[in-house]
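K.L.:
Spelled out, the chains give:
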Amino acid sequence: MDVGIDLEGSFIQSVTDLGVPAGAAKAIWMPLPMILMLIGATVGVLVTTWLERKISAAAQQRIGPEYMGPFGLLVPVADGLKLVFKEDVVPAKADPLLFTLGPILVVIPVFLSYLIVPFGQNLAIANVGTGVFLWIALSSVQPIGLLMSGYASNNKYSLLGGLRAAAQSISYEIPLALAVLAIAMMSNSLSTIDIVEQQSEYGLLGWNVWRQPIGFIIFWIAALAECERLPFDLPEAEEELVAGYQTEYAGMKFGLFYLGSYVNLVLSALLVAVLYLGGWSLPIPISMVAGWLGVSETSPWLEIIDASLGITMTILKAYFLVFLAILLRWTVPRVRIDQLLDLGWKFLLPVALVNLLLTAALKLAFPIAFGG
Amino acid sequence: MLKFLKQVGDYAKEAVQAGQYIGQGLAVTFDHMRRRPITVQYPYEKLIPSERFRGRIHFEFDKCIACEVCVRVCPINLPVVDWTFDRASKKKKLNHYSIDFGVCIFCGNCVEYCPTNCLSMTEEYDLCTYDRHQLNYDNVALGRLPYKVVDDPMVTPLRELVYLPKGVMDPHGVPASSRRAGTIPAELDEQEAASN
Numbered sequence: 175m176d177v178g179i180d181l182e183g184s185f186i187q188s189v190t191d192l193g194v195p196a197g198a199a200k201a202i203w204m205p206l207p208m209i210l211m212l213i214g215a216t217v218g219v220l221v222t223t224w225l226e227r228k229i230s231a232a233a234q235q236r237i238g239p240e241y242m243g244p245f246g247l248l249v250p251v252a253d254g255l256k257l258v259f260k261e262d263v264v265p266a267k268a269d270p271l272l273f274t275l276g277p278i279l280v281v282i283p284v285f286l287s288y289l290i291v292p293f294g295q296n297l298a299i300a301n302v303g304t305g306v307f308l309w310i311a312l313s314s315v316q317p318i319g320l321l322m323s324g325y326a327s328n329n330k331y332s333l334l335g336g337l338r339a340a341a342q343s344i345s346y347e348i349p350l351a352l353a354v355l356a357i358a359m360m361s362n363s364l365s366t367i368d369i370v371e372q373q374s375e376y377g378l379l380g381w382n383v384w385r386q387p388i389g390f391i392i393f394w395i396a397a398l399a400e401c402e403r404l405p406f407d408l409p410e411a412e413e414e415l416v417a418g419y420q421t422e423y424a425g426m427k428f429g430l431f432y433l434g435s436y437v438n439l440v441l442s443a444l445l446v447a448v449l450y451l452g453g454w455s456l457p458i459p460i461s462m463v464a465g466w467l468g469v470s471e472t473s474p475w476l477e478i479i480d481a482s483l484g485i486t487m488t489i490l491k492a493y494f495l496v497f498l499a500i501l502l503r504w505t506v507p508r509v510r511i512d513q514l515l516d517l518g519w520k521f522l523l524p525v526a527l528v529n530l531l532l533t534a535a536l537k538l539a540f541p542i543a544f545g546g
Numbered sequence: 011m012l013k014f015l016k017q018v019g020d021y022a023k024e025a026v027q028a029g030q031y032i033g034q035g036l037a038v039t040f041d042h043m044r045r046r047p048i049t050v051q052y053p054y055e056k057l058i059p060s061e062r063f064r065g066r067i068h069f070e071f072d073k074c075i076a077c078e079v080c081v082r083v084c085p086i087n088l089p090v091v092d093w094t095f096d097r098a099s100k101k102k103k104l105n106h107y108s109i110d111f112g113v114c115i116f117c118g119n120c121v122e123y124c125p126t127n128c129l130s131m132t133e134e135y136d137l138c139t140y141d142r143h144q145l146n147y148d149n150v151a152l153g154r155l156p157y158k159v160v161d162d163p164m165v166t167p168l169r170e171l172v173y174l175p176k177g178v179m180d181p182h183g184v185p186a187s188s189r190r191a192g193t194i195p196a197e198l199d200e201q202e203a204a205s206n
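Chains A and B supply the protein sequences, listed in that same order.
For the first sequence, this note's numbering gives the first residue as 175, with consecutive numbering after it.
For the second sequence, this note's numbering gives the first residue as 11, with consecutive numbering after it.
Isolated chain A, as found in the complex (with noise of 0.2 Å):
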């Protein structure tokens, strides 16, 4: 098996080198990889906002943010600034030490679900066994400081922001559960990076979209309504609940829930792209390419190529998510809550089960087109 460019193991390699012992050489290598997540975590925030309000404009025929650096580029970056020098307020009879932890468990778990996203063969902070699981495990954390938020705020809007947002996302959780379960018992594994591994034989015809449609479907309204996106932002939603459970939030501690909202869209979008678009994979296989150039497939610079094409295919496919949510949130009015409920437990809870059972069957009928 042709594993491409190991960053970690030649870092490692050239560390212990210089007389430093494998363990330490390890933990040095370690914080390197996450700080570089974090940081392209944060960076994928501000282009999904620019990339928010130019869609938008465009969508609208507007022209949209101008003026502040070449094309509105830096209006993120003002945004942020602004959040970051704004007044911290916490309201009177509001609870300060839940108010407090409510945000920070909103983003953790969104960030550290980052762990399992891979960008390459070797591209990923850690190749977890329990993959996906892991991420759903840590996406269900999410509603409860939601909750806690929306409760320690000491305000009607926000207490009824809050509990839609947990009705909201454990209802959706579900299915969206169901949808990876049918992908992973394709694969096989719930490893991401094995997930991708077994897409990225045939190139496009391999991707798991062409064998999991309705899955692909599911995931992705689950997805959304896991994110609060429009079609079912009504947890936030301004014309009955001023803000939901944001309300009395201002300054850093509402900048976290806005940070913590586009980096979980951000992230879905990655994990479609990972679970059902292929991932890195391209749409032709690089060894196929390579077999008409005449080239070794293990050649060091076709490695590095394979790499950032990888990345570069990875981010492209997410982005095109995000092009499509932001889409869709000028084309769907945002459902009501109960029909947000009748979807997720009446549609899509039937409809991925069904599906999970139709890959079983199918798995059982032709083990080879359906992993087995």
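Using 27 Å as the maximum straight-line C-alpha spacing, the simulated DSS-like pairs for lysine-lysine come out as follows:
1. Lys520/A <-> Lys16/B
2. Lys520/A <-> Lys13/B
3. Lys102/B <-> Lys73/B
Simulated from the structure, these hints should not be mistaken for lab results.
Chain B: place on chain A using the hints.
P.N.:
Frame of chain A; chain B shown alone:
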């Protein structure tokens, strides 16, 4: 059993239909991204008001005969005409004249009925002040002419939709020589002269 299957079938059909509708909606939003904005970046770019534009009213003090027709035709009797009867010349002498543009609706009735044409409409529309009382223009303020958009070096003048060539929606980058759609008044005159 059959009834249940039919229900499932109907449900599936409805779901597919809903999906189709969302797809249609997405196509509309996607199509809108292709249509470019025709935004006029206001303080830097301004539309050239048309000839018939009803902007702030201009008043010529010396022409006014203080007949108060403007007051009578005004829907709210807005113009304030302050005059005294001059016994020597046996004529009304106008002392002050003012219109409050915070209240005026720019209907243009006064301009229409003024017997001496001392009232006229300008192309000025951005009457912004920090205090609404400043919008009460006296005869001196009414006598000022606005700065023309085309003469302002700080402003890029843009043509309005009707003054653009046929089929053009965006006034940006339209050459000054390009003529507008339809026949222009001068041509109409010519046609009339030719037919006579």
